[in-house]
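These are the residues of each chain, in order.
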Amino acid sequence: AQKVTQAQTEISVVEKEDVTLDCVYETRDTTYYLFWYKQPPSGELVFLIRRNSFDEQNEISGRYSWNFQKSTSSFNFTITASQVVDSAVYFCALSEAADSNYQLIWGAGTKLIIKP
Amino acid sequence: ETGVTQTPRHLVMGMTNKKSLKCEQHLGHNAMYWYKQSAKKPLELMFVYSLEERVENNSVPSRFSPECPNSSHLFLHLHTLQPEDSALYLCASSQDFKGNTEAFFGQGTRLTVV
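Residue numbers (my numbering), protein chains in the order written: chain P, -12 to 103; chain H, 731 to 844.
If we strip away everything but chain H, and leave its shape as in the complex, we get (with noise of 0.2 Å):
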């Protein structure tokens, strides 16, 4: 139990599907983030959210759209997706967004665009 969880697990959609994918934390932290992970790739960072605002946007596509209603939730909408979108998608979640906090992450959401 990593205190991280997201739904779901695994998802398929098509290019012209709208889906959203969940993250809930229960570590009473501050700051939320969504990672991708595709294969040989580094670890990148899409969003950052501080007390439910966004501090972080590294040029993340339109077709992304994170919103985080509260300091424990945060959502990552998608929606007219393309195949390289495929990747593992993160939640992780920290005290707060300073460099120096560790992160604490969930299993990932495995989606494949079709």
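In isolation and in its complexed conformation, chain P is listed as follows (with noise of 0.2 Å):
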């Protein structure tokens, strides 16, 4: 079965803490993508990242960063220095190349709220 958790229904941290959000996924496939989506309040979902399951290497963009590992089935998320505009919904999903009709399957959601 397919399956994407993000135990942390809500995050609440004061500006400039790190903070990670985690996310642990379940697949029999073994080429599948990973992905992390953004939510602000204005609505739409703004995609992060990528990553396929035959690369490991930890992604760094600014602030932002994701470890990967496969031996524990995780894709974490960490924000350092959060701001206060990091407030958002965060969404993993996980899709399988051999399904071929496509399917994302996502997380609940985690939502971040930053405090100034």
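Hints may contain errors.
[Unchecked claim] Sample of chain P residues at the chain H side, in silico, Cβ under 7 Å:
| id | residue |
| --- | --- |
| 1 | 16 |
| 2 | 20 |
| 3 | 28 |
| 4 | 29 |
| 5 | 93 |
[Claimed, not checked] With a cut-off of at most 20 Å between alpha-carbon atoms, the simulated EDC-like pairs for lysine to aspartate or glutamate come out as follows:
| id | chain 1 | residue 1 | chain 2 | residue 2 |
| --- | --- | --- | --- | --- |
| 6 | H | 771 | P | 13 |
| 7 | P | 57 | P | 9 |
| 8 | H | 752 | P | 43 |
| 9 | P | 98 | H | 774 |
[Said to hold, decoys possible] Here are some chain H residues the structure puts well away from chain P; computed CB gaps all over 12 Å:
| id | residue |
| --- | --- |
| 10 | 744 |
| 11 | 758 |
| 12 | 795 |
In case anyone wonders, no lab produced these hints; they're calculated from the structure. On a predicted model such as this, the values are computed, not experimentally measured, just so you know. Every residue, glycine too, gets a C-beta built ideally from N, C-alpha and C.
Taking the hints as your guide, dock the two standalone chains into a single complex.
This is the structure in structure tokens:
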């Protein structure tokens, strides 16, 4: 069964703190893709990153970094020196290459609140 | 500017009304999607169109009827909806409908059925 778990429903931190959003996935496929999206209050989901199952290198983009660990089936997202503008709901998602019908399996999302 | 535009942003309709949601993408993508986002539920994929042909229909009730006249436009026709259909409806597009391409989303239509 395919599944994406974001165990943290809501996280609240004070500005400038570092924060990590957890994502754990389940898949039987050896080729799959993992995604993170951000949904600000305006509503649209904004693509942040895509990672394929064969690339375990960690990714850093400015204050954002992602830690992909196949051994623990996790794809965690860290925001360094958080800012109020980072407040949003963050979604982790999975798709499998074997799924010809293209089904993104979404986590339930983590609401991140950054207090000034 | 995300490149995917949805109208209207908000819609209130009665259960006997007929309305349509519109989505337009200016990204030259070949695949378009409708998602439903309800409170405290994961995002639900409703329909997928690739090159104007429907490739996915996730057992969506017939009161939702999609239409894709060309690769840039996608509609969701609504009729005789139920209060539980109230949700945020998101349109998205991607280069193709293979699972390895990222999707770009519109801001959504907040639908309230009364």
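Consistency of the hints with the structure:
1. Below 7 Å, beta-carbon pairs count as interface contacts, and residue 16/P has none with chain H, the closest being about 10 Å; its hint is therefore violated.
2. Because the smallest distance between the Cβ of residue 20/P and any Cβ of chain H comes to about 5 Å, under 7 Å, the interface hint for this residue holds.
3. Because the smallest distance between the Cβ of residue 28/P and any Cβ of chain H comes to about 10 Å, over 7 Å, the interface hint for this residue is violated.
4. Look at residue 29/P: its Cβ gets to within about 6 Å of chain H, closer than 7 Å, so that hint holds up.
5. With a cut of 7 Å, the hint placing residue 93/P at the interface with chain H holds, because the nearest CB-to-CB distance is about 4 Å.
6. Under the criterion of a C-alpha separation no larger than 20 Å, the hint pairing residue 771/H with residue 13/P is consistent with the structure, at around 19 Å.
7. Pair hint residue 57/P plus residue 9/P holds up; C-alpha atoms about 14 Å apart against a cutoff of 20 Å.
8. For the hint pairing residue 752/H with residue 43/P, the CA-to-CA distance comes to about 39 Å; that exceeds 20 Å, so the pair is violated.
9. Among the hinted pairs, residue 98/P with residue 774/H is consistent with the structure: their alpha-carbon atoms are about 18 Å apart, no more than 20 Å.
10. The beta carbon of residue 744/H is kept farther than 12 Å from every beta carbon of chain P, the shortest such distance being approximately 23 Å.
11. The beta carbon of residue 758/H is kept farther than 12 Å from every beta carbon of chain P, the shortest such distance being approximately 16 Å.
12. Chain P leaves residue 795/H outside its interface by the beta-carbon criterion, the shortest separation being 20 Å against a cut-off of 12 Å.
In the structure shown, a violation is registered for the earlier hints numbered 1, 3 and 8, in ascending order.
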